[in-house]
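First to last, the sequence lines map onto chains Y and P.
Residues in the first sequence are numbered from 1 upward in steps of one, following the working numbering.
Residues in the second sequence are numbered from 1 upward in steps of one, following the working numbering.
Because the hints were derived from the structure by calculation, they are not lab data.
For glycine and all other residues, C-beta sits at the position ideal for the given N, C-alpha and C.
Check before you lean on any hint, since a few could be wrong.
Computed footprint of chain Y on chain P; a stretch qualifies when at least three of its residues, placed anywhere within it, have a C-beta under 8 Å from a C-beta of chain Y [as the list claims (entries may be wrong)]:
hint: 1; stretch: 38-48
hint: 2; stretch: 217-223
hint: 3; stretch: 290-300
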Amino acid sequence: MAFDWLNRFQHRLEKEPGYAAKTLAAYRLGMKAKGSIVGVVVQPAPDCCEAARKLPAGKVYHPDQAPLLPLPDCPQGCRCGCIYRPMMTYQQADEG
Amino acid sequence: MAGALLRVPLFKLYRRLGWPPILPINLTLSPSPKCNSRCLTCNIWMKREHELTLEEWDKVLASLGRAPFWFTLSGGEPFMYPHLVELAQSAYEHCRPGVINIPTNALLPSIPDRVERIARSCPKSQVIINLSLDGVGEKNDFIRGVPGNFKKFEERLELLLRLRNQFHNLTIGIHMVVSVFSVGHLDEVIAYAGRSGADQFITEIAEPRVELDTVGLPITPSPESYAKAIDRLIAHVESKRFTGMARITEAFRVQYYRLVKRILDEQDQVIACYAGWASAHIYADGTVWPCCVRADNLGNLRDHNYDFKEIWFGEKIKGVRRSVSAKECHCPLANASYTNILHHIPTLARVGAKVWQPANRHRQVS
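So that you can see chain Y by itself, here it is in the shape it has in the complex (with noise of 0.2 Å):
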């Protein structure tokens, strides 16, 4: 993919406080606002912890319902390299 380094990128970046709240309510309000946005998507860093290697793959979660990162208990904190995703409407007609 282009600009595949971007990815690796934010991976890296450390976390601000309040990561997982305010991702998930832009989520929840792109949803309300119906936009294309149909969930989102936890997308595991490399090396990511236990917890978050059992997450179900490319689980498509309504904002409210999307687990919180950091997951409870991940050792690396506010360094967790695990992100949110939006999932678009166009991306599931490409699975689809």
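Dock chain P against chain Y, hints included.
Then chain P, alone, in the frame of chain Y:
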């Protein structure tokens, strides 16, 4: 413009040696992420921030002095920010920039009136208003997610072109995002823009950005499809005759389009990036970024007494500069690319040759 060019050698030194410390010449301000479009290529409109007030912006702009030459007032949709006119006036009063550039989705009816106020109150700056258009008719409305957008675009364009005839410092352009959704009908938009009466038609490739929350989304056209489409645009631009500010921006754009093709092909910076030295971005909540693609948090102006210099000449930015210097990133961000071209002598020479090419060497096309 001459003042900006005179700083080029200083920025080259600054990037190489870390000295002399100088403030950026190209600054993007995003006063609010709010937007009334629902574009397939952007998710910024979902964000909500504790936005800087106008008074806070005023302090920030005062701390910059006369350094910035080029301001972009961005968003979200910039005109969704209720104090956009006052923000432009504050930038003008404190910084006297050569250019104030404002992209807009053309949806709000108040846009022409507010543009008039900006053009009138910033007479020594070139005010560039670029209206977004990603297709003609319903194709535009589909990509930008707002039924009836195209009709409003045409209404605003008509009024803005009338204003342009009253203000010598006003340039009206059309801006297209070339994405997987729009690359197939670029020719149609070129033709539409050509007969629209707009001063310029510019495009930017859809790219992932941390700012827009589009990292990982399949919005960027393939290098092959982009190259095919953009070659036709380059041929079109080179066959036209532009005047005034548009002549300079179009000359830069042609070099930018060629640069993008190489960046997509080579997956490399291609020419040195000056984001973090000569260009910067201030986000709605006061966070300073080197650019909106990486959006590294260099510090928040609220924590630095609204003094941009504290962040720009501080410690945290040094690590980011090392990363950019080491080519750990590459992207086709148009705004930063303009500045980068300014600092790349061979490319700048090609821009200069195009700008000063005698008028009779241009071929006028209808």
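So, going through the hints one by one against the coordinates:
1. Check result for the stretch 38-48 of chain P against chain Y: holds, 7 residues qualifying (beta carbon to beta carbon below 8 Å, three or more required).
2. Counting residues of the stretch 217-223 of chain P whose beta-carbon sits less than 8 Å from any beta-carbon of chain Y gives 4, enough to reach three: the coverage restraint holds.
3. As drawn, the stretch 290-300 of chain P meets chain Y at 4 residues by the rule of a beta-carbon pair under 8 Å; at three or more, the given contact holds.
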